[in-house]
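Enquirer: Build out the structure end to end from the sequences listed, making use of the hints.
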Amino acid sequence: MGVLSRGFRRGRRDRSDGRLPPGQYDVGDDFPVLSAGPTPHTPLSRWDLSIDDETGRRVRWTWEEFRALPREPITVDLHCVTTWSKFDTRWEGVAIDTLLQDVETDTGFVLARCDGGYTTNVPLEDLIDGRAWVVDTYAGEPLAPEHGGPARLLVPHLYLWKSAKWLRGLTLLDHDEPGFWETFGYHNYGDPWREQRYSGD
Amino acid sequence: MARAAVQRRLTWRSATVLDNRAETPRVHRLVLDVPDWPGHLPGQHVVVRLTAEDGYVAQRSYSLASPPEVPELHLTVERLDGGEVSPYLTEEVRRDDILELRGPIGGYFVWSAAADRADGEHGRRPVQLVAGGSGVAPFLAMVDHHRRQDSSTPLRLLYSTRTQADVLGRDVIGGTTTVTLTREVPADWRGETGRVDADMLARCTFPVADRPRIFVCGSTPFVESVAATLIDLGHDPSWIRLERYGNSGEAS
Amino acid sequence: MTDTDNRRDLVAARRLDGNAAAGPLADLFAVDLTEARSHCASCGTTAMLGAHHLYADSPALVLRCPSCTEVVLRFAAQEGRLLLDLRGSQLLVVPVPNGEDGPA
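Residue numbers (numbering that gives the first Met the number 0), protein chains in the order written: chain W, 0 to 200; chain A, 0 to 251; chain Y, 0 to 103.
Rather than coming from a laboratory, the hints here were simulated on the basis of the structure.
Glycine included, C-beta positions come from ideal geometry on N, C-alpha and C.
Treat the hints loosely; a few may be bogus.
Chain Y side only, calculated, beta carbon under 10 Å to chain W, not exhaustive [to be verified]:
no.: 1; residue: R13
no.: 2; residue: A46
no.: 3; residue: Y54
no.: 4; residue: P58
no.: 5; residue: V61
no.: 6; residue: A75
no.: 7; residue: E78
no.: 8; residue: Q89
Expert: So this is what it looks like as structure tokens:
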């Protein structure tokens with residue numbers, strides 16, 4: 000350990016209601032913007048969202064088609080691997096269950112693909128049964144580009160790097176395909192309650 | 000030899016605080032004593048590491064505001080509201096406290112008189128410094144060093160800051176510095192006013208024909224705007240070096 | 000669509016230069032990498048690492064090519080280990096001091 004700095008303490012908030020996973024702190028009203036690259040700016044006229052199954056069949060929505068899908072409000076807590084958590088965040092979007100309605104698959108793995116090249120992998124069972132959404136609205140406003148707009152994946156029971164920003168597609172695979180951070184020493188699954196931050200945790 | 004130089008740069012050293020004084024309303028100057036400091040080049044920075052009692056560690060980079068000729072190390076720290084480290088370094092730290100730091104770091108954003116004397120090809124080209132706010136810190140080291148070394152390299156600093164009270168390094172910036180105030184201008188102000196734009200750069204900095212070596216430092220938006228404007232004016236991008244301090248509004 | 004022109008891009012505002020990676024990289028490299036020249040594996044551009052674009056907020060340092068913005072280098076300090084991914088650099092040419100004493 001380094002030399003103790005007299006009078007220095009972390010400026011971080013704790014919570015006592017059991018909603019803070021181990022090693023996290025409550026970031027309060029702030030919503031940190033963290034990115035591994037420049038913000039993509041895809042015009043809505045060129046945006047689409049697609050789901051490719053393991054045979055290569057594709058289901059696709061334009062922005063207008065996506066906006067016309069059944070949607071719901073979502074209020075969840077977010078947990079970022081960089082240790083901040085944000086509580087009761089309000090979103091609006093389409094459940095992955097809805098997007099998968101016309102998709103038949105035997106596979107168990109999904110790779111999320113995004114503008115800018117970011118990818119992340121999630122087991123299919125972690126995206127269905129009401130566990131995940133594609134969201135385009137935050138706190139009642141259109142999702143800002145720096146937070147992943149026009150639309151991002153939202154998988155709140157896993158660390159926030161799994162909630163891929165600037166989502167453009169989900170690819171269903173018969174094998175696990177580690178994504179951008181998973182190929183760089185971060186945990187393949189990422190459960191904040193078991194503090195699965197890094198590979199080997 | 001080379002390994003010894005490497006060892007020194009990697010080692011965390013204890014710095015004793017000699018002074019912590021408010022230099023402007025938002026910025027404090029920390030004066031540190033680091034025994035066996037190996038010396039540094041103007042423009043380099045150090046990393047300061049703070050350790051709390053519970054083991055929590057925070058690290059931040061600070062440009063060295065003092066030239067290598069001055070034995071103590073000077074850091075200028077801007078207090079950012081809601082920050083974790085800057086309120087501690089500005090409001091809590093006092094004389095005789097110990098801070099851990101590592102350095103000097105960075106060979107990309109440096110200028111020295113000796114390098115110019117040794118460099119026959121580029122050493123006579125003028126040096127233009129452009130600073131936004133607390134981004135002036137590495138340039139204070141360069142300007143002070145330039146004067147102490149009696150360097151013949153033409154050197155100018157264009158320094159943008161909010162108000163006259165926010166000007167850092169008054170004892171050092173001297174006659175080769177143009178200050179522009181962007182927020183509040185005193186009635187008797189004779190200097191520039193307003194943001195650094197193409198017109199001000201054309202009037203107050205070395206012209207393109209002089210082929211200056213340019214350094215720009217400040218918040219990321221400032222640096223990007225100035226760099227883009229310099230390139231539009233015709234300066235060669237390969238002779239423009241940038242040091243972005245990140246979002247100026249970000250708590251640190 | 001959110002009006003991106005009127006909003007300051009918070010991600011771009013937080014982007015740093017490769018120069019700021021020099022401190023963390025000193026945990027791994029014996030020499031200063033900021034003046035090292037990297038040949039981008041994606042577009043072939045050669046530039047000093049100090050001039051690369053640094054994204055330092057996300058779980059690791061990500062250095063991107065100033066020309067094509069593809070990832071050149073990723074570096075992370077985790078508990079008990081350091082990680083380095085240099086796949087985005089085809090070649091790194093690092094100037095080293097001759098061995099005389101003095102500032103690095």
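Enquirer: All hints are to be evaluated individually against the structure, with a verdict given for each.
Expert: Hints, one by one, checked against the model:
The restraint placing R13 of chain Y at the interface with chain W holds, with a minimum CB-CB distance near 7 Å, inside the 10 Å limit. For A46 of chain Y, the suggested interface contact is broken, since its CB lies about 16 Å from the closest CB of chain W, more than 10 Å. About 5 Å separates the beta-carbon of Y54 of chain Y from the nearest beta-carbon of chain W, less than 10 Å, and the hint is met. For P58 of chain Y, the interface hint holds, the least distance from its beta-carbon to any beta-carbon of chain W being 5 Å, beneath 10 Å.
Taken as an interface hint, V61 of chain Y checks out: its beta carbon lies about 4 Å from the nearest beta carbon of chain W, inside 10 Å. Satisfaction of the interface hint for A75 of chain Y is found here, the shortest Cβ-Cβ separation to chain W being roughly 6 Å, below the 10 Å cut-off. At about 7 Å, the closest approach between the beta carbon of E78 of chain Y and any beta carbon in chain W falls short of 10 Å, and the interface hint on this residue holds. Because the beta carbon of Q89 of chain Y sits about 18 Å from the nearest beta carbon in chain W, more than 10 Å, this interface hint is broken.
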